[in-house]
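Participant: Quick note, the sequences are listed as chains W and E, same order.
Heads up: the first sequence at position 176 corresponds to 176 in this note's numbering, and the numbers run straight through without jumps.
Heads up: the second sequence at position 9 corresponds to 401 in this note's numbering, and the numbers run straight through without jumps.
No wet-lab data here; the hints were simulated from the structure.
Do not take every clue at face value.
Claimed, not checked - Cut-off 35 Å, straight-line C-alpha distance, at most; resulting in silico cross-link-like pairs (DSBU-like, lysine-lysine): (1) E/Lys-522 to W/Lys-237; (2) W/Lys-169 to E/Lys-454; (3) W/Lys-238 to E/Lys-472; (4) E/Lys-484 to W/Lys-194; (5) W/Lys-237 to E/Lys-514; (6) E/Lys-515 to W/Lys-238; (7) W/Lys-238 to E/Lys-526; (8) W/Lys-194 to E/Lys-522; (9) W/Lys-238 to E/Lys-435; (10) E/Lys-565 to W/Lys-194; (11) E/Lys-435 to W/Lys-237; (12) E/Lys-533 to E/Lys-472; (13) W/Lys-194 to E/Lys-557; (14) E/Lys-402 to W/Lys-194; (15) E/Lys-533 to W/Lys-169.
Stated by the list, open to error - Footprint (simulated), chain W over chain E, 3 or more residues, beta carbon under 8 Å: (16) 409–415; (17) 424–437; (18) 528–542.
Beta carbons are placed, not taken as given, at the ideal position from N, Cα and C, and that holds for glycine.
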Amino acid sequence: MTRTAAPTPRPQEPDGPRQVSKFEFNLLRILRFLVGHFPADQGLGLVRAAATRPECLTHDAVTLVKDTLGKASVLFLTRAGGWRNDKYLRKNTPTPGRVWDRIPLDERVLEFSKPVLEFLLWLTAEKVHETKQAWDAAPKALTPSDELFFWLAFDQMRSDPDLLAVLRKKDAFRLNPFCWIASPGDVADPDSTKPTPPDLTRLCSGQRAVLMECLQSHLTIRWIRTERAKGQIGDWKKMRQQGSAEFAGLQAFLQAAEAARRTDLARFVLGTNAAVLQSDMTPVFWTGGLQGTGPPRLADRLETQRAALALPRQMEMLEGWQERARSVGYFDEDYAATQMWKLDWELANGNHVAARARAAVEMLEPLRGPAPGQPATQGAQGAGEKPEGSPG
Amino acid sequence: MSRAYRITVKESETRHLKAGDEICTQLEILEILPPEDMATLLKEELKKRGFEEQDDGTMTRKDGDLTVTIDPCSGEVSVKAETEATVSQEAKREATGFNDVGPNEKSLRDRVKDQLKQDLDKKFDSEQSKLQTKATEELEKHLQELQPEISQVVNQVTRDALKQKAQQMGTVKEVSEDAESGSLTIKVEV
Numbered sequence: 001m002t003r004t005a006a007p008t009p010r011p012q013e014p015d016g017p018r019q020v021s022k023f024e025f026n027l028l029r030i031l032r033f034l035v036g037h038f039p040a041d042q043g044l045g046l047v048r049a050a051a052t053r054p055e056c057l058t059h060d061a062v063t064l065v066k067d068t069l070g071k072a073s074v075l076f077l078t079r080a081g082g083w084r085n086d087k088y089l090r091k092n093t094p095t096p097g098r099v100w101d102r103i104p105l106d107e108r109v110l111e112f113s114k115p116v117l118e119f120l121l122w123l124t125a126e127k128v129h130e131t132k133q134a135w136d137a138a139p140k141a142l143t144p145s146d147e148l149f150f151w152l153a154f155d156q157m158r159s160d161p162d163l164l165a166v167l168r169k170k171d172a173f174r175l176n177p178f179c180w181i182a183s184p185g186d187v188a189d190p191d192s193t194k195p196t197p198p199d200l201t202r203l204c205s206g207q208r209a210v211l212m213e214c215l216q217s218h219l220t221i222r223w224i225r226t227e228r229a230k231g232q233i234g235d236w237k238k239m240r241q242q243g244s245a246e247f248a249g250l251q252a253f254l255q256a257a258e259a260a261r262r263t264d265l266a267r268f269v270l271g272t273n274a275a276v277l278q279s280d281m282t283p284v285f286w287t288g289g290l291q292g293t294g295p296p297r298l299a300d301r302l303e304t305q306r307a308a309l310a311l312p313r314q315m316e317m318l319e320g321w322q323e324r325a326r327s328v329g330y331f332d333e334d335y336a337a338t339q340m341w342k343l344d345w346e347l348a349n350g351n352h353v354a355a356r357a358r359a360a361v362e363m364l365e366p367l368r369g370p371a372p373g374q375p376a377t378q379g380a381q382g383a384g385e386k387p388e389g390s391p392g
Numbered sequence: 393m394s395r396a397y398r399i400t401v402k403e404s405e406t407r408h409l410k411a412g413d414e415i416c417t418q419l420e421i422l423e424i425l426p427p428e429d430m431a432t433l434l435k436e437e438l439k440k441r442g443f444e445e446q447d448d449g450t451m452t453r454k455d456g457d458l459t460v461t462i463d464p465c466s467g468e469v470s471v472k473a474e475t476e477a478t479v480s481q482e483a484k485r486e487a488t489g490f491n492d493v494g495p496n497e498k499s500l501r502d503r504v505k506d507q508l509k510q511d512l513d514k515k516f517d518s519e520q521s522k523l524q525t526k527a528t529e530e531l532e533k534h535l536q537e538l539q540p541e542i543s544q545v546v547n548q549v550t551r552d553a554l555k556q557k558a559q560q561m562g563t564v565k566e567v568s569e570d571a572e573s574g575s576l577t578i579k580v581e582v
């Protein structure tokens, strides 16, 4: 393990446990819940309860908050994928190693700012679902670490519909790029027909890109879970809202990754498609759970079904990347980077995955099919073959 | 002594209702020739099938209440169904009041009128949804009829493009087509 700078010496720990007030104790428990180190039911109970806010926090409490934030975030990022001995692009050149080998220490220092502590104070003092005091953080004032923390907090609390309804109205979450890349369906406005993601180009440079490198495996697992759960969604409106948000979020991210020449950060999109499309699929895999006949207009039904296949529809763009990568020559500037992408594509069996994705997407499209008297060729299944997820 | 009275309010209304449905999709045109040449071939084929060229370059055909629009440049197809009808509805309500207690006649009449308005709105909503269902059903039915024709158009354009491509490559010696299997064989002397 290499280190580019010596860590600052830690202050001496007190002999016994630190003394904190009841409010501070609750705040620390909420913080531990938000970073996944405290039972969710108890944590949500604390968030839904109110407590009298003190004038200020004691030095001991602030020290414990800093300690928890630092250790929990690093632990999360390491477990999420930072430990993996992998290759990522650095200055357009593939760089191997674990995250602490690839990235110098000064570029991976997590800095949390004031809005994090203010958020914790608000969360502890107020009943979030019946809040009297408005809290929000301006997205420009947030550091990448703050955004990571707010995403983790959002992720822990989104299971509670009351809390979710309050949180997604706040800019700290609504415009958080990590929230949009991990759970766009939850963070997007449920009443919006055309969800608009925030600027996701930020995810492809600086420390946010380093965080994205650490999150690749974690995001792949999350997206696979989301895709598999789509077959259980019965509500047409919910499916359309979730799918549209996913499509908008992923498109914005892929465009940003392409512009920043960080195609390696889109591995989770390729990986998820490869995991989901292991065999020929029909759209029923995604839309099979929809109940009833759906909206009266055919246009709305079709739009909902198209939205359900938001993830396979991204393969078209990845296929374009692959096409371009093939045309890059040995003496071209991007040769090493494109070679890495081609390797990723090959490992994911990209050609087959793209063909399966295209076939699934085309099955939804009206006016597609063979002319009378001619056999079906493209995207259709061979006679006797039954694709996975087909109704039978 | 209180005296009961009954008010009967009757209202009728005529509304012009419109319903529509539309689907948009993309034609699968292979890039055998440059896009502008493929667009020309598609345009020619569509003209043969009764499509008319519009000012914006799109090709349109009206099939009753349905309009099929194809953009030869982008290959975008839109099929639109529109239905409209003039519907008259009538509603009637009765209410009982007392001249010494309860609301006076004017306020009672106003309240009944409000209820009548709601009744009429419900009836028109129901008519609107019937009209919508009709438009959607027409669109679905027409899509089934249109699908083979669109496939034929795409196949014809592909065949014509292949023939032109073959001519560009050399001298075409032989062209054989099998309508049953859809195969096209072109022998070219280069």
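Participant: Evaluate each hint against the coordinates.
Facilitator: Going down the list of hints, with the structure as the test:
{"no.": "1", "hint": "E/Lys-522 to W/Lys-237", "in the structure": "holds (21 Å)"}
{"no.": "2", "hint": "W/Lys-169 to E/Lys-454", "in the structure": "violated (46 Å)"}
{"no.": "3", "hint": "W/Lys-238 to E/Lys-472", "in the structure": "holds (26 Å)"}
{"no.": "4", "hint": "E/Lys-484 to W/Lys-194", "in the structure": "violated (42 Å)"}
{"no.": "5", "hint": "W/Lys-237 to E/Lys-514", "in the structure": "holds (23 Å)"}
{"no.": "6", "hint": "E/Lys-515 to W/Lys-238", "in the structure": "holds (29 Å)"}
{"no.": "7", "hint": "W/Lys-238 to E/Lys-526", "in the structure": "holds (26 Å)"}
{"no.": "8", "hint": "W/Lys-194 to E/Lys-522", "in the structure": "holds (28 Å)"}
{"no.": "9", "hint": "W/Lys-238 to E/Lys-435", "in the structure": "violated (40 Å)"}
{"no.": "10", "hint": "E/Lys-565 to W/Lys-194", "in the structure": "violated (55 Å)"}
{"no.": "11", "hint": "E/Lys-435 to W/Lys-237", "in the structure": "violated (38 Å)"}
{"no.": "12", "hint": "E/Lys-533 to E/Lys-472", "in the structure": "holds (12 Å)"}
{"no.": "13", "hint": "W/Lys-194 to E/Lys-557", "in the structure": "violated (42 Å)"}
{"no.": "14", "hint": "E/Lys-402 to W/Lys-194", "in the structure": "violated (44 Å)"}
{"no.": "15", "hint": "E/Lys-533 to W/Lys-169", "in the structure": "violated (43 Å)"}
{"no.": "16", "hint": "409–415", "in the structure": "holds (count 3)"}
{"no.": "17", "hint": "424–437", "in the structure": "violated (count 0)"}
{"no.": "18", "hint": "528–542", "in the structure": "holds (count 8)"}
The structure fails hints 2, 4, 9, 10, 11, 13, 14, 15 and 17 (numbered hints given earlier, in ascending order).
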